[in-house]
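Sequence order for the protein chains is A and B.
Each residue of the first sequence is one higher than the last, beginning at 2 in the numbering used here.
Each residue of the second sequence is one higher than the last, beginning at 67 in the numbering used here.
Don't read these hints as lab results, they were simulated from the structure.
Mixed in with the good hints, there may be bad ones.
[To be verified] Pairs of lysine-lysine, DSBU-like flavour, derived with a Cα cap of 30 Å:
| hint | chain 1 | residue 1 | chain 2 | residue 2 |
| --- | --- | --- | --- | --- |
| 1 | A | LYS68 | A | LYS88 |
| 2 | A | LYS128 | B | LYS267 |
| 3 | A | LYS149 | B | LYS267 |
| 4 | A | LYS120 | B | LYS267 |
| 5 | B | LYS132 | A | LYS84 |
| 6 | A | LYS93 | B | LYS267 |
| 7 | A | LYS140 | A | LYS113 |
| 8 | A | LYS304 | A | LYS33 |
| 9 | B | LYS267 | A | LYS124 |
| 10 | A | LYS128 | A | LYS149 |
| 11 | A | LYS140 | A | LYS175 |
| 12 | B | LYS221 | A | LYS80 |
This is what each chain is made of:
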Amino acid sequence: MEEFLTIQDLHVSYHTADETVYAVNGLNLSVKKGETLGLVGETGAGKTTTALSILRLLPFKFGSIDKGSILLDGMDLTKVSEKEMRKIRGDKISMIFQDPMTSLNSTIKIGKQIEEVLKIHRKDLGKKEVIERVDTLLKLVGISLERKEDYPHQLSGGMKQRVVIAIALACEPKLLLADEPTTALDVTIQAQVLNMMRELKNKLNTAMILITHDLGVVAENCDSVAIMYAGEIVESGAVEEIFEGTEHHPYTVGLFGSIPDMSKKTRRLSPINGMMPNPADLPPGCPFWPRCPKAKDICKQQKPNEVRQGSHMIKCHLYQDAKGGEEAGK
Amino acid sequence: MKEKASKNKYKKRSQIYSVWLRFRRNKMAVAGLILLCILLILAVCAPFIADYEQVIKQDLTQRFIKPGAEHWFGTDAYGRDMFARVVWGARYSLSIGIGAILISLTIGSVIGSIAGFYGGKIDSVIMRIIDVIMAIPGTLMAITIVAALGAGTTKLLIAMSISQIPTFSRVVRSIIMGIREEEYVEAARSYGSRDRRLIMKQIWPNSLGPLIVQASLSMAQAVLTISSLSFIGLGIPAPTPEWGTILSENKTNMRLYPYLCTIPGIAILLSVIAMNLIGDGLRDALDPKLKN
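Chain A extracted, bound-state conformation (with noise of 0.2 Å):
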């Protein structure tokens, strides 16, 4: 499988009046054609911000992609014009949002704001044939055709993210950006939700990137996992080498370690300790020895290279010295 879509030494940054937030620094990512990355991470990690620079829809008076290139089938999104750019949204790549709530205009009938991408995009359909794809859509995400004429008010969460979904494969984009889309809805739904976000996908051989903080999400639906940090992936790879496995990133050990253990008989929860560094001010080094139980003082001082072993990738400065042969030039 080609990589459909790659990130590489992406820096995004957000100015206010009196500080600059480093929101993503140097991100590595990619993702192959059909396939589903799962991207992890605290609040606060970058992920949303990964998405909107994909979508180069960054708040355009603070945010700005300061370095980087993002390759979409070999064309820098982060070059292409404006215009350029609007047929590229919802058309070749589309973003779920995390709250249905909002995402829908309690305005407008939800079969119009369906109508509303295929105006945008396929324009050289007809009136009769946008009803009848929008029917179509409606089908497919499973939702009666009654209710096209209904206001996002009279829908349920579950159903409203439906209507979100088919608004976001109605031009059977190449890559859909899913922003935590099933955080807002309550656990039977989420299920529902993402198995048919996980048939969809299939069906129209869609690449996907899952935002979420929900590992058990990830196991399920992706391929692959990148783990983020503070606005770098600190560990990528297969599914299996993520979940299973002996050598991790301090971080991944972490993430998986306050996962309460059902079999387990504890009394408290086991966090991560600490918070995440403040972007506008990130520690020197590693952005995680502040909260690694295994710093040494070289993650004091220096940041750490990708180290990979086929595809699984740790950045950290505990495998550095063990597969130093292996190392990855950067």
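Add chain B to chain A, keeping to what the hints say.
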């Protein structure tokens, strides 16, 4: 069986119908609506009620006839039937009022949308100009414009529109500023909408409710201003039966024949009250927070 029957009867309520249901509960607003409808019907049917000839033709043998069976509202100093004049007056007063509001609503929406959506420098420039216009009282503004352009129906319409634009653009701007950061606007952008489409399809419809309310209240204001302008001779020139013009013509005979001024006065009063009542009723009916 019974269940099936009731299921078939179930009809979906459209948005407009549910607004109407809430509006209906306000008795005063319904009264206002009926009143305005009567006035509008009279205005539309004016040519069938009286010939325009009859409205402006002078007949000095018929002067100052008191209201009665033959002339419902009496006749004025030139022997013209007052009922015909007042009915035709509704045509002028209401059509200019409604026209001016529609024009200023459209232009105001566009200006307000641009200012609210883009913000920053564009917003500052537009809003400072609006502030300057707002600093001048509406009537004075209209007088100035009419004085500069000259009297006449079209010119009055222009003057009224310009003096009402600031109100509408402010209403639209404030609503759009609150909505432009909403997630669904970003979502619409994420599937490739351009700014113009975003404003027209996603953002502007949200300001419809307050806009309608503002329009009905401003319309009352507009009718009043038009009549005042005509009264002081800056609106519609004399033979044309605008309410303010009728008042102005008859003011010299007010002492001896008070009905000459009270009748057009009442016409103005009723239409203004009707529009204000409708405006209040709509404000309550369109406010989602007052749904019960």
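Structure-based check of all given hints:
At roughly 23 Å between alpha-carbon atoms, LYS68(A) and LYS88(A) fall within 30 Å of each other, so this suggested pair holds. Straight-line distance between C-alpha atoms of LYS128(A) and LYS267(B) comes to about 18 Å, which keeps the hinted pair within the 30 Å bound. Between the alpha carbons of LYS149(A) and LYS267(B) the distance comes to roughly 18 Å, so the proposed pair stays at or under 30 Å and holds. For the hint linking LYS120(A) to LYS267(B), the alpha-carbon distance of about 12 Å falls within 30 Å, and the restraint holds.
Pair hint LYS132(B) plus LYS84(A) does not hold up; C-alpha atoms about 73 Å apart against a cutoff of 30 Å. Between LYS93(A) and LYS267(B) the alpha-carbon distance is near 22 Å, which keeps this suggested pair within the 30 Å criterion. Under the criterion of a C-alpha separation no larger than 30 Å, the hint pairing LYS140(A) with LYS113(A) is consistent with the structure, at around 15 Å. With a C-alpha separation of about 28 Å, the suggested pairing of LYS304(A) with LYS33(A) holds against the 30 Å cut-off.
For the proposed pair LYS267(B) and LYS124(A), the alpha carbon gap of about 17 Å is at most 30 Å, so the pair holds. Under the criterion of a C-alpha separation no larger than 30 Å, the hint pairing LYS128(A) with LYS149(A) is consistent with the structure, at around 16 Å. Restraint check for LYS140(A) and LYS175(A): satisfied, since their Cα atoms lie roughly 21 Å apart, inside the 30 Å limit. Proximity of LYS221(B) to LYS80(A) is assessed by CA-CA distance (about 52 Å); at most 30 Å being required, the pair is judged violated.
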